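Student: Line by line, the protein sequences give chains V and G.
First residue of the first sequence? That's 12 in the numbering used here, and the numbers climb one at a time after it.
First residue of the second sequence? That's 11 in the numbering used here, and the numbers climb one at a time after it.
Careful: at least some of the hints might be erroneous.
The calculated DMTMM-like cross-link candidates involving lysine to aspartate or glutamate, where the alpha carbons are at most 20 Å apart (straight line), are [to be verified]:
id, chain 1, residue 1, chain 2, residue 2
1, V, 50, G, 92
2, V, 71, G, 92
3, V, 31, V, 43
4, G, 32, G, 43
To spell it out: a stretch of chain G is covered by chain V in this simulated footprint if at least three of its residues, at any positions, have a beta carbon under 8 Å from a beta carbon of chain V; those stretches are [unchecked claim]:
id, stretch
5, 47-61
6, 72-79
7, 99-111
DEER-style ranges, computed between Cβ atoms [as the list claims (entries may be wrong)]:
id, chain 1, residue 1, chain 2, residue 2, range
8, V, 31, G, 25, 38 to 44 Å
9, V, 19, G, 84, 20 to 26 Å
10, G, 83, V, 90, 49 to 55 Å
11, G, 102, V, 28, 18 to 24 Å
12, G, 83, V, 104, 47 to 53 Å
13, G, 110, V, 36, 43 to 49 Å
Simulated from the structure, these hints should not be mistaken for laboratory data.
Remember, predicted model here, so these are calculated numbers, not experimental data.
Ideal placement from N, C-alpha and C gives every residue a C-beta, glycine not left out.
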Amino acid sequence: MAEKLEDLNLPLTVVTRIVKEALPDGVSISKEARTGLAKAASVFVLYVTSAATNIVKNNKRKALTGQDVLEAMSDIEFDRFVDSLREALELYKQAVSAKKLASGKKKDEGEDVEMVEDE
Amino acid sequence: MSTPKAEKDLHLPLSRVKTIMKSSPEVDAVGPEPLYLVTKVTELFVTDLAKRAFKNSKNNFLEYKHIAEVVQEDDTLDFLREIMPRKITVRQFKELMAKKSSRGDESDETSEESSEEESSEDSSSSNNAETQNS
């Protein structure tokens, strides 16, 4: 795997934006706090991934599913996020079907459409 | 593209999150749905941690130590303890080591690293050492 170290970090500007949206207007955030949160977020990604992967392996499957991620949240004691996550998943699934529907319609109209998976 | 992306509510870049996930040894394929959820929950996590840390802060100024405090005091954040230790001054560190050696404590659980602190970070001393509080 040829990852550069910075590829395992989340962009600081994006993390800052998330933090600013979470806090009241006019709050200053030190650079160290921002980089700390960015690092914490990266580690959290690994932590969730690892917990979800354990579930996959225990069920003798290979591919990670959305359900595995949801279950992992309970395993790592982050149940408090599960409701928001389920809601978000519903909206996401609806958006994905709407997209597929729209692409399908275009195809029927005889246009050349390339279906690209958002990855 | 006329239809908006399904992931339009996300800030974090999916490709980067995917790279991080795939750096984990046992991960095979990461499809779009689990990728979306991991990205989404990470954003929820950052939001949550920032809000909790902010409660520890004063004067509308959020600093590293406010986050470290939350991490050290919440067991569900144990996985972060090594990367977000509380930071202490060199003097405090020396006092800590002196106490340990006088107790005949041979285990060395502390690590000393000096960090580059911005001068606005710490009003007391400009030399800081990182230590594990366990």
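Student: What hint numbers does the structure not satisfy?
Tutor: 2, 7, 8, 10, 11, 12
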